[in-house]
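K.L.:
Sequence lines, in order, name chains A and B.
First residue of the first sequence? That's 899 in the numbering used here, and the numbers climb one at a time after it.
First residue of the second sequence? That's 9 in the numbering used here, and the numbers climb one at a time after it.
It is possible that some hints are incorrect.
[As the list claims (entries may be wrong)] Just some of the chain B residues that point at chain A, by a computed CB distance under 7 Å:
id : residue
1  : G127
2  : W129
3  : A143
4  : E149
5  : A151
6  : K152
7  : V155
8  : W159
9  : D165
10 : R230
11 : R234
12 : A380
13 : E381
Keep in mind that the hints were calculated from the coordinates and are not lab data.
Glycine included, each C-beta is placed from N, C-alpha and C at the ideal position.
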Amino acid sequence: MTMTAKSDLITAEIIRNYFETVCGEISKVVENTSISPIFSETHDYSVGIFFADERGVSLLARAQSVPVHIFAALTSVETVLDIYKDDIHEGDLFFASDPYYGGSHIPDWTVVNPIFVEGKPRFFTSVRGHVNDVGGCAPGGYNTLAREIWHEGFRVPPVKLRDRGELVSDVWNLILCNTRTKDDITGDLNAMVGGCIVGEQRLRELLTKYGVAAVVRSVDYILDYSENRLRSEIAKWPDGIYRGRSILDHDFAGGGEVPVEATVTVTGSSLKIDLTGSHPQVAGFVNSVATNTISNIYSSLVALCPDIPINSGYFRPVTIELPENSVVNCRPPAPVGHSTVCIGSDIMEAVMKAFEQVVPALVGSANIDLVNVRVFGTNSRTGRFFVASDMTATAMSAGGANGTDGWGGYAAPFCALKLPSLEMYEQQYPYLYIQVEYTTDTAAPGKFRGAPALHYRRRMLDPVRAIVYNQGWRHPMQGYNGGRAGAGNYFILNEGSPEQLIVTEACYDVKIGKGNVIFVQSGGGGGWGDPLERAPALVAEDVHNGYVSVDGARRDYGVALDPQTLGVDEAATRALRASRLGAKPVSAPVA
Amino acid sequence: MTEPDPAARLVAAIQGAVAEHAFGTAMKLAEPINAGLFDAAGKPMVMTDASFLASSAGALAAVRQFFGNRWRAGDVAITNDPDAGAANACEMIVVAPIFAAGTAPAAWALARARVPDFGGWELGGYSPQAVDRWAEGARIEPAKLVVGGAWRREVGDMLRLNSRTPILTLRIATILTEIARSIAASWHAAEENERGIVAAEIAAAVASESEKIDRAFQTLSRSKQRTEQPVHVPIPSEPIAPITVEMRYDGARLHVALSGPAVSPLPINLGRYGAPDIVIGAVSAGFAPRRLTTAAILDRLAIEVPEPNLLAAPLPATVGLGRETTGQAVFRGVLAALSASGLHADTDVAWQAYCRTALGGRLDYSTGKLSAEMAAAIRISEAAEACR
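Chain A on its own, in the form it takes in the complex (with noise of 0.2 Å):
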């Protein structure tokens, strides 16, 4: 029977919705399965299928995970099928890592499975997640000294993990060798290709079901349905061209400020976005491999539009350009190490700053915030090595949006992480925690403010080492339309012992004795809106919930409120907010 043009736009949507349905389960079965708390508590992976026709590579869905990873995933199915041609068979299973073969830094570890369809590979089930160690010189992958890729880690080019479903036991173990906790990581990496593995039997029960020509034709419309969305709200947007700008606060190696710059052009239904004017290629790890630059682009753009279903037809409307040689474009043998959230979020930055422009009110904080420690040494109550992050001091990232304040957790785009139990660190490592709360005056104001800063301290119950890599304490989230930007980020090694030390670039194997604090401010995303718009209500909460103080609301909003009972004063507080709307300067008007 034929199908009606009518009924193959609902299969279509079906199988569409198939597909974002698998990679969820395909999630769930790395979340279950894994051992790490970076993929089983944070879920610092992302999962997705993809398609390969002669046009090329597609993403066709991806799970609520992390988009840097998951674009990325993309060039690593294409180098997969670029080195590999024909030496592609049933039962092959591959993994990449390396940054310069289609990765992003090299604790990004992607498994692709091929699903072949009438004798070709032509869908792709694929897990990208970031592993708690790759080897190299610095425990936990994050090398603040690393000045050439080789301090990085163990770099891993594309490999059969499986041929022809044959373990390839000696280059998995080359992979899992090279890492300091090998069992647990091992489990991770089971954990991936099980996932994958999973993925596959649903979409071969798919292709069963709905039979290979109808997946096919769906796969066009999928593709070209998001394509058609996005152009038709990029006809809306003003045609121009528009700058944004963000800066790193230094580049790990004494290099001072690194600028990111972003050049949007609207030209009728199509963008396109140029990195020109970037700095050159740094000595410090946050150089970017263009891979990565392209997924943090990527990544801002669906935040504007997060209706849309995310795929590669999303992207269709964009040209980008990257500068060659640069701290967004770099060549090896280049330190990348820190580049997916530092550079990355800059990169991130510079663009929603240049969509500001275009698209106020679609704008606000798609980065990540920039702040984190890794320690390392031997775990007293198990007598194990261990090397352990700590996601809870990254996450304050969210900024205001039109419409919210800032939450307390990631920005929009990085929502599938999640803030990790303290509970489950406690049971792991020898972490005591002390202190993990929102602070006073800190929300970057605005009319929808941002996320408090967090403040954290935790007790080290064994002796560590630390390795800290900090970045906007000089320049933190920005804030948009008129919102303020995040409160910056700061560590306190030792805190209160004669060993005291604060950090607020980065150090590198700091001895932290064994009942000695490290704390950790997590800054908070920026603003959005005139904070003098902000509804006296909203700030009068925020000052009853202890977020902002009598004097904070005076000062950053221009709220007057009665100390002991925190009502506000209306009279007052319109006469405050007169007189700062009198003072304002007038904002130069818009490029």
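Since the structure of chain A is provided, determine the placement of chain B on it from the hints.
P.N.:
Coordinates of chain B only, in the frame set by chain A:
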């Protein structure tokens, strides 16, 4: 007419295999290059330098254990694992099975050399700042570089990507592979006309060398000797406790018991087979007019090395400078004990000779890093190879 030394033909064949391939800049940088032949069970038969026998046997055992019976003609496996016999990350060991009529290998060929770089903090494998083994370079646990005679792109790519000198590294890997193949060819040539000739020649060679060793050992006193040696460290650190060498000859075997401080956080530990290798090297230097080349010495030595400690430090301990620092202390301690036993040797001369033949003399003791001259030579050679 005097019968030729029965060791000569086999060792000459292996040395010939080395000499045939080990020329040119890449192999000059790869020195010392050693190769050997092992029996079907993995027991050493001959080697170009017996002071690599213990670690080479360990490497072969690790490789065989990993792959079990998954071997076929034309396979070549590789490792740089200090727990399996390599001195540090920059020593590459290749192993190839030699097949005769049966389905199991009849013998094994092994070749080893330095590679200029395998990642880590510094060019050349000496990383004084390394916090653990992974920080010293890529870890190559056994993997097959060649399967059935076909080069494996995946493994070759991993070697290439994880080296600052990808061209030299792959060239050395290729040449070691060729040396192993040549040894296999020599074995086949010897076995072609007369089955068992290799084993017979080896037995004769071992007997000959055993006789020489016994003659030398007979001059040793039977009393127990004990010496202490400091470990000189080219890195600012707390003082390192000395290592101790206890030696006693019982008329049949020379007993050498080593002891030392705990595993060091500095990269001065020895890998699992480092100490036995150095003891063999020192004993050989003490009396042998030329390098020993058979496994005879293994039967005449009883070496005790407690583990784990500075002298035998398993993963994750750092070992990058181990042979040049703690190894030197072992070497000097053994020679001092031999001297106390009545066998005098110039320790400094012997150590310098050992450095040249067994270590390559690359470490700059003032920095704990590769010497500037060697670093420059490596960079120039890599660039020159890239231009070819």
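K.L.:
Does each hint fit the structure? Answer for all of them.
P.N.:
Comparing the hints with the structure gives:
1. A hinted interface residue such as B/G127 counts as satisfied when its beta carbon comes closer than 7 Å to some beta carbon of chain A; here the least separation is about 4 Å, so the hint holds.
2. Against a cut-off of 7 Å between C-beta atoms, the interface hint on B/W129 holds, since the closest Cβ of chain A lies about 5 Å away.
3. The criterion of a C-beta within 7 Å of any C-beta in chain A is met by B/A143, whose closest approach is roughly 4 Å, and the hint holds.
4. The interface hint given for B/E149 holds, since its Cβ lies 4 Å from the closest Cβ of chain A, which is under the 7 Å cut-off.
5. At a threshold of 7 Å, the smallest CB-CB gap from B/A151 to chain A is about 4 Å, leaving the interface hint in force.
6. For the restraint placing B/K152 at the interface with chain A, the shortest Cβ-Cβ distance is roughly 6 Å, inside the 7 Å limit, so the hint holds.
7. Among the interface hints, the one on B/V155 is violated; its C-beta lies about 10 Å from the nearest C-beta in chain A, farther than the 7 Å criterion.
8. The closest approach between the C-beta of B/W159 and any C-beta of chain A is roughly 14 Å, which is over the 7 Å cut-off, so the hint fails.
9. Taking 7 Å as the C-beta contact cut-off toward chain A, the hint placing B/D165 at the interface holds, the least distance being around 4 Å.
10. Given the 7 Å rule on beta carbons, the hint for B/R230 is violated: about 44 Å separates it from the nearest Cβ of chain A.
11. With 7 Å as the threshold, the beta carbon of B/R234 stays out of range of chain A, its nearest partner Cβ sitting at about 34 Å, so the hint is violated.
12. At its closest, the beta carbon of B/A380 sits 18 Å from a beta carbon of chain A; the interface hint therefore is violated under the 7 Å criterion.
13. Interface hint status for B/E381: violated, as the beta-carbon distance to the closest one in chain A is roughly 22 Å, over 7 Å.
The structure fails hints 7, 8, 10, 11, 12, 13 (numbered hints given earlier, in ascending order).
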